[in-house]
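Trainee: Based on these hints, arrange chain R on the given structure of chain Y.
Residue numbers (the UniProt record's numbering), protein chains in the order written: chain Y, 1 to 134; chain R, 1 to 153.
Keep in mind that the hints were calculated from the coordinates and are not lab data.
For glycine and all other residues, C-beta sits at the position ideal for the given N, C-alpha and C.
Don't take every hint at face value.
[As the list claims (entries may be wrong)] Below, in silico cross-link-like pairs of lysine to aspartate or glutamate (EDC-like), each with a Cα-Cα straight-line distance of 20 Å or less:
| # | chain 1 | residue 1 | chain 2 | residue 2 |
| --- | --- | --- | --- | --- |
| 1 | R | K47 | Y | E58 |
| 2 | R | K47 | R | E31 |
| 3 | Y | K29 | R | E32 |
| 4 | Y | K29 | Y | E70 |
| 5 | Y | K29 | R | E31 |
| 6 | Y | K29 | Y | E58 |
[To be verified] Computed footprint of chain R on chain Y; a stretch qualifies when at least three of its residues, placed anywhere within it, have a C-beta under 8 Å from a C-beta of chain R:
| # | segment |
| --- | --- |
| 7 | 17 to 31 |
| 8 | 58 to 65 |
| 9 | 83 to 93 |
| 10 | 98 to 105 |
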Amino acid sequence: MREQPTGGVPILRLGDVLVTGLLNELDDKSALAFTDELTHRISAEGARGVLIDISRLEMVDSFVARMLMEMTSMARLLGARVIVAGLRPAVAITLVELGLELDGVETALNAEQGMAALGWHQQPPGGAHHDTTR
Amino acid sequence: MTQLADPTTSAAATRTRGQNPAPERQTLRTEEDLLTVRHAVRAATLKAGFGIIDQTRVVTAASELARNAYVHGGGGTLAIEYLSRAGRTGLRLTISDDGPGIPDIDAALTDGFTTGAGLGHGLGGARRLMHDFEVHTEAGRGTTVIVTRWTGQ
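Chain Y extracted, bound-state conformation (with noise of 0.2 Å):
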């Protein structure tokens, strides 16, 4: 049924960063396929970090925050940092009241701010050009 292993989530490589995202529609086998999946593409490439983005996810229960605190902890053992960005307030909120404050999880605010913090820059065009004015 599912044509892809990790559920239809795509897995793309910035360098020597790998970024995903968590879609809302993800149900438990899909979770654990990506979870699988992406172990291996640390391993494969060599990737030093891992940005998981989930401000699409609406809801995380204690499924997800479990394999969150897994990814991040079979990661750490391949010697990448993960970093998940863009909790909604809300879920965020829920998850304190559960009691799941994803211990050894290191999240950001959003997918920018992960990626800055796993020390991937965006270059301006031409990569001369800076914006100072802000």
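Mentor: Frame of chain Y; chain R shown alone:
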């Protein structure tokens, strides 16, 4: 039968049968049903006028309880009821399974206790996310969890 309920807020105390349409029922037989249930509960929270944080609390609690019924209870049903009391809207979810029952509710409500693939926060977590929480369980006969959350509280 083991029961755990706050008598002042129990389902019977706020029963509004007759004023409301029949509960919406969802079956919990397959893993896909867990997604369907999340959608149905999300839609119900919107219909009931819940804010975004309460929507997330209720959908998350529903997800925990539905997974419990699926994993530990061998499947079951989830019913959604709309309540009203003193100008407030409530949403009551009743999750029932015909599984083996919960031998020790106190242990099951303790964070970190699990016999499955979760983190052991499902039942206790769902209790914290909702205003009212009842468990009825009987060995060999199954488990029913009834949870309610009200708007603006």
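Trainee: If a hint holds in the structure, say so; if it does not, say that too.
Mentor: Quick rundown of the hints versus the structure:
Annotation: proposed proximity of R:K47 to Y:E58 holds, straight-line Cα distance about 17 Å (limit 20 Å). This hinted pair does not check out: R:K47 and R:E31 have alpha carbons roughly 25 Å apart, beyond 20 Å. For a cut-off of 20 Å, the pair hint linking Y:K29 to R:E32 stands: about 10 Å separates their Cα positions. A hinted pair counts as satisfied when its Cα atoms are at most 20 Å apart, and Y:K29 with Y:E70 qualifies at roughly 15 Å.
Taken as a hint, the Y:K29 and R:E31 pair is honoured in the structure, with Cα atoms around 8 Å apart against an allowance of 20 Å. Proximity of Y:K29 to Y:E58 is assessed by CA-CA distance (about 18 Å); at most 20 Å being required, the pair is judged to hold. Evaluation of the coverage hint for the segment 17 to 31 of chain Y: fulfilled, as 4 residues show C-beta separations to chain R shorter than 8 Å, against a requirement of three. Counting residues of the segment 58 to 65 of chain Y whose C-beta sits closer than 8 Å to any C-beta of chain R gives 7, which meets the bar of three, so the coverage hint holds.
By the rule of at least three residues with a Cβ nearer than 8 Å to a Cβ of chain R, the coverage given for the segment 83 to 93 of chain Y holds, with 5 such residues. Under a criterion of three residues with beta carbons nearer than 8 Å to beta carbons of chain R, the stated coverage of the segment 98 to 105 of chain Y is upheld, 3 such residues being counted.
The structure fails to meet hint 2 from the earlier list, while all remaining hints are met.
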